[in-house]
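Asks: Single-letter residue listing:
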Amino acid sequence: MRKNAILLAFTAFIMVMPFWAAPLSKSIDIPIVLTMRLVGIYAIVAVGLNLLMGYAGQVSLGQGAFFGIGAYASALLTTKAGFPVWLGIPCAVLVALIFGILLAPVLRLKGHYLAMGTLAMGIVVFVFLREMTWLTGGNDGVRNIPHLSLPFLEVTSTRGEFYYVWVIVIIVLALCSKLVESRVGRAMRALHQSEVAAEAMGVPVSALKKRVFVLSAALGGLAGGLFAHLQRFIDPNQFTIILSISLVTMVVIGGMESVWGSVFGAGLITFLPKLVEALPRWFGDVPDWLEKYSNYEGMVLGLIIMLTMVFMPSGITRGLVDLFSRRRSPFVNPFRRKAVD
Amino acid sequence: MDFLANCPQYIANGLANGCIYILVAMGFNIIFNSTGIINFAQGEFCMFGGLFAYTLAASAGLPLPLAVVLALAITAAIGGLMERLLVYPLRRAGVLVAIIATIGASIFFKSLGRILWPKEAYKVPEFTPGNISLPGATISRQFLWVFGLTIVSVAAVYLFFNHTRSGKAMRACSVNRLAASLVGINVMRMSLYSFLLAAALGGLAGLINAPYASYSIGLFLGVKGFTAAAVGGLGNTFGAVAGGVVLGLLEELIPGFLTVVLGVSTGYKDAVAAILLIAVLLFRPQGILGRGVVEKV
Chain A
1 MRKNAILLAF TAFIMVMPFW AAPLSKSIDI PIVLTMRLVG IYAIVAVGLN LLMGYAGQVS
61 LGQGAFFGIG AYASALLTTK AGFPVWLGIP CAVLVALIFG ILLAPVLRLK GHYLAMGTLA
121 MGIVVFVFLR EMTWLTGGND GVRNIPHLSL PFLEVTSTRG EFYYVWVIVI IVLALCSKLV
181 ESRVGRAMRA LHQSEVAAEA MGVPVSALKK RVFVLSAALG GLAGGLFAHL QRFIDPNQFT
241 IILSISLVTM VVIGGMESVW GSVFGAGLIT FLPKLVEALP RWFGDVPDWL EKYSNYEGMV
301 LGLIIMLTMV FMPSGITRGL VDLFSRRRSP FVNPFRRKAV D
Chain B
1 MDFLANCPQY IANGLANGCI YILVAMGFNI IFNSTGIINF AQGEFCMFGG LFAYTLAASA
61 GLPLPLAVVL ALAITAAIGG LMERLLVYPL RRAGVLVAII ATIGASIFFK SLGRILWPKE
121 AYKVPEFTPG NISLPGATIS RQFLWVFGLT IVSVAAVYLF FNHTRSGKAM RACSVNRLAA
181 SLVGINVMRM SLYSFLLAAA LGGLAGLINA PYASYSIGLF LGVKGFTAAA VGGLGNTFGA
241 VAGGVVLGLL EELIPGFLTV VLGVSTGYKD AVAAILLIAV LLFRPQGILG RGVVEKV
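As given, the protein sequences belong to chains A and B, one line each in that order. All residue numbers for the first sequence refer to the working numbering, where the first residue is 1 and numbers rise by one. All residue numbers for the second sequence refer to the working numbering, where the first residue is 1 and numbers rise by one.
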C-alpha cells in the first residue's frame with residue numbers, strides 16, 4: 001500500500017510540475033520543464049540498468065549501446081522509411097530487444113570480465129554506428145528527425161513533450177516497482193547474493209539473467225527512441241562510452257537496488273551542470289573556474305562516484321533513507337565480501 | 001599484391017604498438033594479482049606519464065632522461081595515492097563497488113588531465129629522432145627504444161617477481177591472500193607496491209608512445225592493455241607479452257587487409273581490440289596461455 005501511495009504522490013507531483021515550474025524557471029533562470037524531459041529519458045535507461053546492476057548484480061558498461069541503437073532505429077525508420085513516430089518508438093524498443101537477445105551471451109562472464117566485456121560491446125556498437133555510413137550517415141548523423149507524435153497529433157510544445165515522456169516514465173516505474181517486489185524480483189536479489197545458492201533454491205540463474213538483460217536493453221531502446229525525437233538530431237558521438245559511464249553513475253549515486261533512486265540519480269546528474277551554469281546569472285561574479293564548469297564536470301562526477309563508493313556504497317538516496325529511519329547504518333557496505341578469498 | 005608489399009610495415013608498426021600494450025597489460029596483471037581488482041584507471045596512468053614527460057621536457061626544459069625519470073616518479077606517486085585513498089578503504093568491498101570506484105578514479109584523472117593539458121595533442125620529444133629504412137618498411141628510431149625498454153621492463157618484472165623477497169611476497173598474495181598474511185606478509189603494503197609499479201609501467205607506456213600524448217588516450221589504451229592481458233590470460237606476465245604482440249599485429253593486419261583488399265573504411269580499426277576481447281572472453285576466458293581455473297564456492 002505504501003508503495004502505491006508513493007507512486008501516486010509522485011505522479012501527482014509530476015503532473016502539476018509544469019504549472020509551478022514555469023514561474024520558478026524564470027526566477028532561477030534554469031529551464032526546469034525542458035530539462036525534466038531529459039531527466040525522464042535518462043530515468044528510463046537508469047531504471048533498466050538498475051534492474052540489471054543493482055538488483056541482479058550484473059555490471060554493464062555498455063548500456064549506452066542500446067540507447068544508441070534505439071535512437072538510430074526510430075530516427076532511421078521515421079526519416080528514411082516514413083514510419084510515424086508513434087510507431088517508430090515501439091520499433092526502437094523491438095530492435096533494442098533483438099540486439100539484447102543477440103548480445104546476451106556476454107552474460108556468461110562474471111565480475112570484472114563482464115564489465116570489460118560490456119565495455120567492449122559498447123565500443124563495437126559505437127564504431128559500427130560511426131562507420132556504417134550508408135545506413136547511419138556516419139559522423140554527419142541523422143538530421144530533421146520528426147517531433148514526438150500520437151496518432152493524428154504531433155507533439156511540438158515543450159510542455160507536451162514533458163507529459164509525453166513522463167507518462168511513459170511513470171508507467172515504466174510502476175511496472176518496475178511491481179517487478180522488483182514480485183517473485184522474479186526476489187529471485188534477482190537472491191542471484192546477486194550468491195548464484196550458487198540461488199541455483200540451489202531453484203532459481204533458473206542464467207535464464208533469469210538473460211531476461212533481465214533483455215529487459216534493460218529494451219528500456220534502453222525505449223529511452224533512445226524518445227531521445228532521438230526530442231533532440232531531432234543524432235550522431236554517433238552522443239552514444240559513446242561516456243554515456244554508458246554516466247548511466248552507471250546515475251544508478252550508483254541514486255542507489256543500487258532502488259527504482260526511485262535511479263530517478264533521483266538521473267535528475268541529479270542532468271541538473272548539476274545546469275545549476276552550475278546558472279550560478280553566474282544569479283550572483284553576477286563567480287570565480288573563473290566555476291564559469292568553465294563543463295571542463296570540471298568529469299572531476300566532480302568522478303569525485304562524487306569515489307566518495308559515494310567509499311562512504312555510502314548503497315547510494316545517496318538509500319543512504320539518506322537509512323540515516324533518517326535508523327534501520328541500519330548508511331555507512332555499512334551491503335556488498336561486503338563475505339570472507340577473505 | 002599491395003597488401004603483401006605493405007606487410008613488413010604493418011608488422012613493424014604492429015610490434016611497436018604491441019610493446020605499448022604489453023606494458024599496460026603488465027600493469028593490469030600486477031594489480032590484479034595482489035588485490036584481485038581490475039584497475040579501470042590504468043589507461044589514465046599512461047596519460048599522466050606522457051603528459052608529465054611533455055611538460056617537464058618540452059615546457060620546463062629539463063634534460064630528457066631526467067624528465068622521463070621524474071614523470072615516472074610522479075605517475076607512480078599518483079598510483080600510490082590512489083591506492084591509499086581509494087583502494088585501501090575499499091579492500092573489503094565487493095567486486096562491483098571496486099569496479100565502479102576505479103571507474104570514478106578514471107573519470108576524475110581524465111578530467112584533471114584535460115584541465116591541465118587542454119590541447120588535443122602534445123608532442124613528447126622522441127628519445128632519438130629520425131627514421132631507419134629497412135627492406136620493405138621504414139621505422140622510426142623511437143621504435144628501437146620502445147622495443148628495448150619493453151624487453152628491459154619485462155625482464156625486470158620477471159626478475160622482481162621471481163628473485164626478490166617483495167616480489168615473491170606479492171606472488172604469494174596472488175595465490176592466497178589469507179595464507180600470505182598468516183605467514184607474516186603485509187598484504188596491504190603489497191597492494192601499495194603493486195599500484196606504484198603498475199602506475200610506473202603505465203607511465204612508461206604513455207611516454208614512449210611518442211610522439212603524441214593527450215588527455216583522451218587513457219580509455220583506449222586501457223581497453224587495449226586489458227585485451228592484451230585477457231588474451232594472454234589475466235595475471236600471467238608472459239601471457240601479457242603474447243597478448244600484446246597478437247593484439248598489436250592483428251590491429252595492423254586486419255584493417256590493412258580490409259582497406260587494401262576489400263576497400264572498407266579504416267575506421268573499423270577501433271573495433272578490432274574490442275571484438276578480440278569479446279571473442280577471447282567468451283571462447284577462451286583463461287587466455288591463450290592460461291590454464292582453466294576452477295571456481296571455489
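For the record, the hints were derived by calculation from the structure and aren't laboratory data. We treat Cβ as the ideally placed atom computed from N, Cα and C, and that holds for glycine. Heads up, a few of these hints could be off.
[Claimed, not checked] One side only, chain A facing chain B, incomplete, derived with CB under 10 Å:
{"hint": "1", "residue": "Y113"}
{"hint": "2", "residue": "G117"}
{"hint": "3", "residue": "I123"}
{"hint": "4", "residue": "E131"}
{"hint": "5", "residue": "L135"}
{"hint": "6", "residue": "L150"}
{"hint": "7", "residue": "F152"}
{"hint": "8", "residue": "L153"}
{"hint": "9", "residue": "V155"}
{"hint": "10", "residue": "I242"}
{"hint": "11", "residue": "L243"}
{"hint": "12", "residue": "W282"}
{"hint": "13", "residue": "F283"}
{"hint": "14", "residue": "L301"}
{"hint": "15", "residue": "G302"}
Asks: Closer than 10 Å between Cβ atoms is the bar; does F283 (chain A) clear it against chain B? Give me holds or violated.
Replies: violated, 23 Å
Asks: Against chain B, with CB atoms and a cut of 10 Å, does the hint on L301 (chain A) hold up?
Replies: holds, 6 Å
Asks: Does L153 (chain A) meet its interface restraint, that is, does its C-beta lie within less than 10 Å of any C-beta in chain B?
Replies: Where the cut-off is 10 Å and the nearest Cβ of chain B is about 41 Å from L153 (chain A), the hint is violated.
Asks: Grab the minimum C-beta distance from G117 (chain A) to chain B and call the hint holds if it beats 10 Å, violated otherwise.
Replies: holds, 5 Å
Asks: Does L243 (chain A) pass the interface hint, meaning its C-beta sits closer than 10 Å to a C-beta of chain B?
Replies: violated, 13 Å
Asks: Would the stated hint for G302 (chain A) survive a check requiring a Cβ distance to chain B of less than 10 Å?
Replies: holds, 3 Å
Asks: Are V155 (chain A) and chain B close enough, Cβ to Cβ, to be under 10 Å, as the hint says?
Replies: violated, 35 Å
Asks: For the hint on F152 (chain A), just tell me whether its beta-carbon gets within less than 10 Å of chain B.
Replies: It is violated, given that the least Cβ distance between F152 (chain A) and chain B is near 42 Å, above 10 Å.
Asks: Is the interface hint satisfied for I242 (chain A)? The criterion is a beta-carbon contact with chain B at less than 10 Å.
Replies: holds, 9 Å
Asks: Can the hint on L150 (chain A) be confirmed by a CB-to-CB distance to chain B that is less than 10 Å?
Replies: Since chain B brings no Cβ nearer than about 38 Å to L150 (chain A), farther than 10 Å, the hint is violated.
Asks: Using Cβ atoms only, decide whether I123 (chain A) comes closer than 10 Å to chain B, and label the hint accordingly.
Replies: holds, 4 Å
Asks: Against chain B, run the beta carbon of L135 (chain A) and see if the smallest gap drops under 10 Å.
Replies: The hint is violated - L135 (chain A) has no Cβ within 10 Å of chain B, the shortest such distance being about 13 Å.
Checked against the numbered hints given earlier, the structure breaks hints 5, 6, 7, 8, 9, 11, 12 and 13 and satisfies all the rest.
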